[in-house]
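A.B. asks: Required output: the full structure, derived from the provided sequences and hints.
Here our numbering is used: the first residue of the sequence shown is 1, the next is one more, and so on.
No wet-lab data here; the hints were simulated from the structure. Some clues are possibly wrong.
As the list claims (entries may be wrong) - Simulated pairs of lysine to any residue, SDA-like, Cα-Cα distance not exceeding 25 Å:
1. K16 - R113
2. K194 - I138
3. K194 - A119
4. K16 - D3
5. K194 - I132
6. K194 - L151
7. K16 - G117
8. K16 - V34
9. K16 - S116
10. K194 - G155
11. K16 - L29
12. K194 - Q101
13. K194 - R135
14. K194 - V140
Stated by the list, open to error - Label pairs and their in silico Cβ distance ranges:
15. T58 - L219: 24 to 30 Å
16. L124 - P158: 46 to 52 Å
17. M205 - S122: 27 to 33 Å
18. V159 - V34: 38 to 44 Å
19. K194 - V34: 27 to 33 Å
20. G5 - R139: 50 to 56 Å
21. L150 - G5: 48 to 54 Å
22. Q69 - L124: 51 to 57 Å
23. L53 - S116: 49 to 55 Å
24. L219 - V34: 17 to 23 Å
25. R190 - G117: 31 to 37 Å
26. A61 - R201: 39 to 45 Å
27. P67 - R190: 22 to 28 Å
Glycine included, C-beta positions come from ideal geometry on N, C-alpha and C.
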Amino acid sequence: MRDFGVGFGYLLRGQKWVAGHGRWFGFGLLPGLVTFVLYTGALVGLFYGADDLTSWATPFADDWGSPWQGLLRGTLTFLVFALGLFLAVITFTAVTLLIGQPFYESLSEAVDRSESGEAPESGLPLWRELWISARDSIRVLLRVAFYGILLFAAGFIPVVGQTVVPAIGFAVSGFFLTEELTAVALQRRRVEFKQRLTLLRGRRMAALGFGVPLTLAFLVPFVAVLLMPGAVAGATLMARELNGETAEPDEDAPTHAHTAEHEHGGAGQGPARGPGPAAPAGHLTPAAPKPYRPA
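C.D. replies: Shown next, in the form of structure tokens:
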């Protein structure tokens, strides 16, 4: 569970970063506002049309007596709306990131510069970045749809469908939400989709610690819009650690070497920062995590 707290810490650090950089917070709100209006209209339409949809899909229940007809169609109506909400939470981030690609790229680059003084660039033209983002979002959506269908079917299991299934649904949503958000920074580092999934699976609890609370918060109307800038900032900080650029934000955690050159004291190892004697040849000087200081 320690890694879950690490992931949640990145979410908080991202919100703290944009709170200290008000211009970027306002800049990052615009794409979320556009997507929010579109999704609100779609969910309102689903809410009012779900009854008609379930009645149309269950003609065999027209002659059923009370209470069985009401129980069946009421349950199906709830599951249809829950599935729509589940997909909305997942696709909201993908659509918002696609609409706001230039906005969030700039925000992510600003976070990188505040941490290390430079921001990695993919070197790809904007149209190519948009295409990759859209393609990877479809890949995520297909995976989410697959899990959504399984969970929808499992929702009919008594007790389990009303307890365990929603919990699994939030975990699935949180994991893929983290993937979507960290992709902003990792795509600039030319980390491919499968590599990103591998990185997140290796830190599954951290991914859930970042994504699950965010998924729950996104269920509250308009909160998703307000949290998106900080979510992108926090995901950038998390991506830096996943990519081996920084240590975990935990002073008590042991540091690790990331390359074989460091292990042998070879070329490519930069000078040690801060005061203190130089390390003997062939030995490591563990680098302390860079403290977070909002501008």
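A.B. asks: Each hint should be assessed against the structure and marked as holding or not.
C.D. replies: Evaluated hints:
1. For the hint linking K16 to R113, the alpha-carbon distance of about 16 Å falls within 25 Å, and the restraint holds.
2. Pair hint K194 plus I138 holds up; C-alpha atoms about 13 Å apart against a cutoff of 25 Å.
3. Between K194 and A119 the alpha-carbon distance is near 23 Å, which keeps this suggested pair within the 25 Å criterion.
4. Restraint check: the Cα-Cα separation between K16 and D3 comes to about 20 Å, which is no more than 25 Å; the hinted pair holds.
5. For the hint pairing K194 with I132, the CA-to-CA distance comes to about 13 Å; that is within 25 Å, so the pair holds.
6. Proposed proximity of K194 and L151 is supported: the alpha carbons are some 24 Å apart, at most 25 Å.
7. Our distance criterion of 25 Å between C-alpha atoms is met by K16 and G117, whose separation comes to about 19 Å.
8. Using a Cα cut-off of 25 Å, the hinted pair K16 and V34 holds, with the two alpha carbons roughly 24 Å apart.
9. Between K16 and S116 the alpha-carbon distance is near 18 Å, which keeps this suggested pair within the 25 Å criterion.
10. Note on K194 and G155: the hinted pairing is violated, with a Cα-Cα distance of about 30 Å set against a maximum of 25 Å.
11. The straight-line distance between the Cα atoms of K16 and L29 is roughly 15 Å, inside the 25 Å bound, and the hint therefore holds.
12. A hinted pair counts as satisfied when its Cα atoms are at most 25 Å apart, and K194 with Q101 qualifies at roughly 21 Å.
13. About 13 Å separates the Cα atoms of K194 and R135, which keeps this hinted pair within 25 Å; it holds.
14. Proximity of K194 to V140 is assessed by CA-CA distance (about 11 Å); at most 25 Å being required, the pair is judged to hold.
15. Checked against the given bound of 24 to 30 Å, the beta carbons of T58 and L219, roughly 28 Å apart, stay inside it.
16. For L124 paired with P158, a C-beta distance near 51 Å keeps the hint of 46 to 52 Å intact.
17. Range check, M205 to S122: about 29 Å between beta-carbon atoms, so the 27 to 33 Å window is met.
18. Between V159 and V34 the beta carbons are some 41 Å apart, a value that agrees with the proposed interval 38 to 44 Å.
19. Between K194 and V34 the beta carbons are some 30 Å apart, a value that agrees with the proposed interval 27 to 33 Å.
20. Separation of G5 from R139 is about 29 Å and departs from the stated range, judged on CB atoms against 50 to 56 Å.
21. Taking the beta carbon of each, L150 and G5 are about 29 Å apart, not inside 48 to 54 Å as hinted.
22. Take Q69 and L124: their Cβ atoms lie about 56 Å apart, and the range 51 to 57 Å holds.
23. About 51 Å separates the C-beta atoms of L53 and S116, a value consistent with the hinted range of 49 to 55 Å.
24. The hinted range of 17 to 23 Å is satisfied by L219 and V34, whose Cβ atoms lie roughly 20 Å apart.
25. Taking 31 to 37 Å as the suggested C-beta distance range, the pair R190 and G117 does not conform, at roughly 20 Å.
26. A61 and R201 have their C-beta atoms about 42 Å apart, which keeps the hinted 39 to 45 Å range intact.
27. For P67 and R190, the hinted distance range of 22 to 28 Å is not satisfied, since their beta carbons lie about 58 Å from each other.
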